[in-house]
Every structure is written in C-alpha cells, then in structure tokens.
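Go ahead and model the full structure; you've got the sequences and the hints to work with.
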Amino acid sequence: MTCSDSRVSPEAIFDLNLGEAFVIRNAGNVAEIETLSSIAYAVDTLEIDLIVVLGHSNCGAIQGAISQQNFPEPLNRVINTIRGRINGEKDNYQATLKI
Numbered sequence: 001m002t003c004s005d006s007r008v009s010p011e012a013i014f015d016l017n018l019g020e021a022f023v024i025r026n027a028g029n030v031a032e033i034e035t036l037s038s039i040a041y042a043v044d045t046l047e048i049d050l051i052v053v054l055g056h057s058n059c060g061a062i063q064g065a066i067s068q069q070n071f072p073e074p075l076n077r078v079i080n081t082i083r084g085r086i087n088g089e090k091d092n093y094q095a096t097l098k099i
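When we follow the numbering used here, the leftmost residue of the sequence shown carries the number 1, and every step to the right adds one.
These aren't lab readings, by the way, just hints derived from the structure by calculation.
Any given hint might turn out to be false.
Stated by the list, open to error - Quick list of simulated restraints, FRET-style, between CB atoms:
no.	residue 1	residue 2	range
1	Phe-14	Glu-34	32 to 38 Å
2	Pro-72	Leu-46	31 to 37 Å
3	Asn-58	Leu-16	34 to 40 Å
4	Val-43	Phe-71	27 to 33 Å
5	Asp-44	Gln-68	19 to 25 Å
6	Gln-68	Val-8	24 to 30 Å
7	Pro-72	Asp-15	34 to 40 Å
8	Tyr-93	Ser-38	23 to 29 Å
9	Gly-84	Glu-20	20 to 26 Å
10	Ser-67	Leu-18	32 to 38 Å
11	Leu-16	Asp-44	17 to 23 Å
12	Lys-90	Ser-37	30 to 36 Å
13	Tyr-41	Leu-18	29 to 35 Å
14	Gly-19	Ser-57	26 to 32 Å
Glycine is no exception: its CB is placed at the ideal position from the N, C-alpha and C atoms.
See below:
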C-alpha cells in the first residue's frame, strides 16, 4: 500500500517489473474498509505473503490533516480519519511517523 500522492513507483523502489507487485494507492495510507478489502483479496486470493505500507515525506493528506482546513466530501472523511490518528501533531514528519 502506498500513498496516492507519492511520485515514486513501488516497482522502481523494489526493482520489480510492472505487474509484479499488487499495489494499492490511497490518500495518506488510510486503511478504511475498501483498502482492507483489497488487502484481504491480495492475501486470500492472490496468496500475497508480504504487505508493505510505503509512506513518503510531504504527504498532502497529512498536511491537509494538520492544517485544520475543511475539505469537501469524500476527501474530508479521509482527512478526519488521519486527524484522529496523528494526536494533534503539527509537524508533517512527526505526524507521518505516528500513523
């Protein structure tokens, strides 16, 4: 799983060919039911035996959560989920580590 905002392909990081990794991207690496269902599919059906959650610096979703700005739905739902997990952190790096 990797953030939608990341500019680097997981295949490039792990020296894989396209199609060799089952990659799930979503804003801020939030594991809501849709993402968890995709992970379950990968494990149960495709028999994936390694799950990597790949974050990055300067994540837009984390910055949005820190900003206390309101966003339109459904983005606001993701931002509020992140806010609930960063415990009021105001620093992007510290907030990212705590998720």
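Return holds or violated for the Cβ distance of Asp-44 and Gln-68 against the range 19 to 25 Å. Violated: the Cβ-Cβ distance is about 39 Å, outside 19 to 25 Å.
Determine whether the Cβ-Cβ distance between Val-43 and Phe-71 falls within the hinted range of 27 to 33 Å. holds (31 Å)
Okay, Pro-72 versus Asp-15 on CB: inside 34 to 40 Å? The hint (34 to 40 Å, Cβ to Cβ) holds, given that Pro-72 and Asp-15 are roughly 39 Å apart.
Okay, Gln-68 versus Val-8 on CB: inside 24 to 30 Å? Hint holds: Cβ distance 29 Å, inside 24 to 30 Å.
A range of 32 to 38 Å was offered for this pair. Does it hold for the Cβ distance of Ser-67 and Leu-18? Holds - the Cβ-Cβ distance for Ser-67 and Leu-18, about 35 Å, lies within 32 to 38 Å.
Starting from the range 17 to 23 Å, see whether the pair Leu-16 and Asp-44 falls in it by beta-carbon distance. holds (22 Å)
How does the Cβ-Cβ distance of Tyr-41 and Leu-18 compare with 29 to 35 Å: does it lie in that range? For Tyr-41 and Leu-18 the Cβ distance comes to about 19 Å; the hint is violated.
Quick check: does the Cβ-Cβ distance between Phe-14 and Glu-34 fall within 32 to 38 Å? Given range 32 to 38 Å: violated, Cβ gap about 24 Å.
Does the Cβ-Cβ separation between Asn-58 and Leu-16 fall within 34 to 40 Å? violated (25 Å)
Starting from the range 26 to 32 Å, see whether the pair Gly-19 and Ser-57 falls in it by beta-carbon distance. Check passed, 27 Å falls within 26 to 32 Å.
Given a hinted range of 31 to 37 Å, is it respected by the beta-carbon distance of Pro-72 and Leu-46? holds (34 Å)
Indicate whether the distance between the beta carbons of Gly-84 and Glu-20 respects the range 20 to 26 Å. The hint (20 to 26 Å, Cβ to Cβ) is violated, given that Gly-84 and Glu-20 are roughly 34 Å apart.
Checked against the numbered hints given earlier, this structure breaks hints 1, 3, 5, 9 and 13; the rest are met.
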